[in-house]
Amino acid sequence: MIEVTLKINGKMYTRKINPMLRLIDFIRDEIKLKGTKEGCGEGECGACTVIMNGKTVNSCLVLAASANGAEITTIEGLSNGDHLHPIQEAFIEVGAVQCGYCIPGMILSTKALLDENLDATEAQIKEGISGNLCRCTGYTKIVEGVKIAQKKIINSQEGD
Amino acid sequence: MKLLSFFQPNNIDEAKVLLSKYENSKLLAGGTDLLLDFKKDMNVPQYLIDLSKILELKSIVENESDITIGSMVTFTQVKGNKLIKDNFNSIILCAKSMGSPQIRNVATIGGNIINGAVAADIVPCVISLDGILVFESIDTLREVRCEDYFRNNSIEKIKGNEILTKIIIPKRPWLSGYYKLGKRNSLAIARANTALSLSIEENIIKDLRVCLGAVGKFPFRVNELESRAVGKIVEWLFDDEALNILENTVYESIKERKTMPFKRNAIKGVFKNALLSAVESGGNK
Ligand SMILES: Cc1cc2nc3c(=O)[nH]c(=O)nc-3n(C[C@H](O)[C@H](O)[C@H](O)COP(=O)(O)OP(=O)(O)OC[C@H]3O[C@@H](n4cnc5c(N)ncnc54)[C@H](O)[C@@H]3O)c2cc1C
Ligand code: FES
Ligand code: FES
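Just so you know, the protein sequences line up as chains A and B, in that order.
Take the first sequence: its position 98, counting from 1, is numbered 553 in the working numbering, and each next residue is one higher.
Take the second sequence: its position 79, counting from 1, is numbered 85 in the working numbering, and each next residue is one higher.
Hints in this document: simulated from the structure, not taken from any laboratory.
All values reported here derive from a predicted model rather than from experimental measurement.
Just so you know, not all the hints are guaranteed correct.
What the hints assert, rightly or not - Chain A regions said to be covered by chain B (calculated; three or more residues, Cβ under 8 Å):
1) 489-499
2) 510-522
3) 578-586
As the list claims (entries may be wrong) - The calculated DMTMM-like cross-link candidates involving lysine to aspartate or glutamate, where the alpha carbons are at most 20 Å apart (straight line), are:
4) A:K596 x A:E613
5) A:K487 x A:E548
6) B:K274 x B:D246
7) B:K45 x A:E571
8) A:K510 x A:E571
9) B:K88 x A:E571
10) B:K59 x A:D484
11) B:K85 x A:E571
Unchecked claim - Partial selection, computed: residues in chain A whose CB lies under 10 Å from chain B:
12) I457
13) N473
14) P474
15) M475
16) C503
17) T504
18) M507
19) G560
20) S564
21) A567
22) L568
23) R590
Glycine included, each C-beta is placed from N, C-alpha and C at the ideal position.
Kindly produce the complete structure, drawing on both the sequences and the hints.
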């Protein structure tokens with residue numbers, strides 16, 4: 456067993472873990488944050504996407520031990536109390552969510568993309584979410600949702 | 007085997023000491039190959055040495071005659087790096103086509119080379135740019151041309167106490183290009199890639215390196231095409247004479263395999279696209 460400390464959604468968590476524990480298991484089983492989903496478990500589907508030190512990763516392919524000291528954002532870290540994040544609002548408004556299984560990962564990929572490039576073009580949006588598979592929506596509504604989120608964020612920044 | 011301990015050294019020296027001290031140990035980079043092995047209970051070592059905290063291995067540095075890429079540099083880092091953009095178009099194209107954003111964010115150049123899958127994307131680029139691999143252990147340092155590393159793998163293969171620390175790529179005013187057919191998960195039949203670099207003066211080919219991937223046990227150069235091309239105009243490379251050399255090379259390399267009839271034809275298109283990507287990059291080398 457080894458001791459690791461991770462900062463998840465702004466809170467520090469220290470746990471003694473088996474060094475083979477994956478980051479997704481740390482998040483879901485140790486911290487009990489169940490918004491992060493496991494799909495393929497092999498880096499293909501992106502359902503397990505979280506943001507680690509500003510970059511998206513597949514949490515099924517990262518060891519929690521390796522993430523020691525890292526800052527992680529999961530889907531639970533996006534809303535501010537009762538206020539949803541603009542990306543979440545946009546996805547709901549446009550009807551980008553069907554079964555919802557891919558959505559936490561999809562939203563975190565969108566967040567990482569827009570944090571880096573708020574003016575992303577449609578091609579850049581598609582590339583940005585290319586590591587997230589959705590078997591329900593056909594992606595059109597999702598891309599629309601990202602565009603609405605861009606506008607919402609830009610408007611809120613102008614309002615500041 | 008069961009994992010007993012996990013280490014996270016802060017510098018290369020610490021990692022070398024750990025590696026020599028613990029015989030049954032393995033290095034962990036981005037983990038995108040290794041964790042899939044662990045999932046199948048394959049290759050689980052007793053000791054895992056995680057290189058992710060070693061900053062020395064994460065930089066891309068320009069020297070007088072080369073650019074040195076640390077083994078822990080990720081594909082995302084490469085893709086956005088100005089030195090690489092200004093010098094090695096083929097590596098940029100390769101990094102863009104590799105995996106997904108999430109994979110590129112953690113997958114390292116060093117891991118790609120050492121894992122050495124037949125279709126490891128960066129390898130043809132490094133070979134066609136005459137790149138050199140640097141291996142260090144607690145008491146040794148050796149430099150091996152990437153081409154020789156794979157060609158003479160039984161001799162040159164990384165030793166249990168060695169770390170690949172960096173990749174040295176000579177700077178030169180050549181053009182370079184890359185093209186890949188098929189994704190990693192597509193059927194093996196639909197996979198092939200080509201990286202090339204060339205020096206041209208007034209439309210005459212002065213020098214050429216062509217490396218094919220996923221059409222043999224390891225990526226390899228097409229020496230016959232390289233030597234025949236010297237002194238010819240660039241357009242010659244699009245002619246049947248040149249393309250037939252490629253077709254025959256692939257035929258000889260994988261004639262026993264079911265994928266051969268497809269790949270010997272596909273390689274011509276893959277090569278032409280790689281060449282176009284080099285020529286179009288123009289002044290952007
Ligand atoms: C969904 C998915 C998509 C992928 N797509 C592609 C693709 O398009 N193209 C492609 O080429 N690959 C692809 N891969 C494979 C993989 O991501 C790459 O091979 C990657 O570059 C491996 O690097 P890593 O840092 O993750 O290596 P790890 O998994 O950490 O290590 C791989 C091996 O290299 C050894 N190693 C790592 N670093 C060093 C070092 N510095 N010195 C000595 N030994 C070392 C490790 O011990 C291990 O044996 C994909 C993988 C997944 C899961
Ligand atoms: S569960 Fe991690 S990528 Fe599919
Ligand atoms: S909404 Fe069902 S998988 Fe995307």
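Q | Numbers of the earlier hints that this structure fails to satisfy, in rising order | A | 4, 5, 7, 10 and 23
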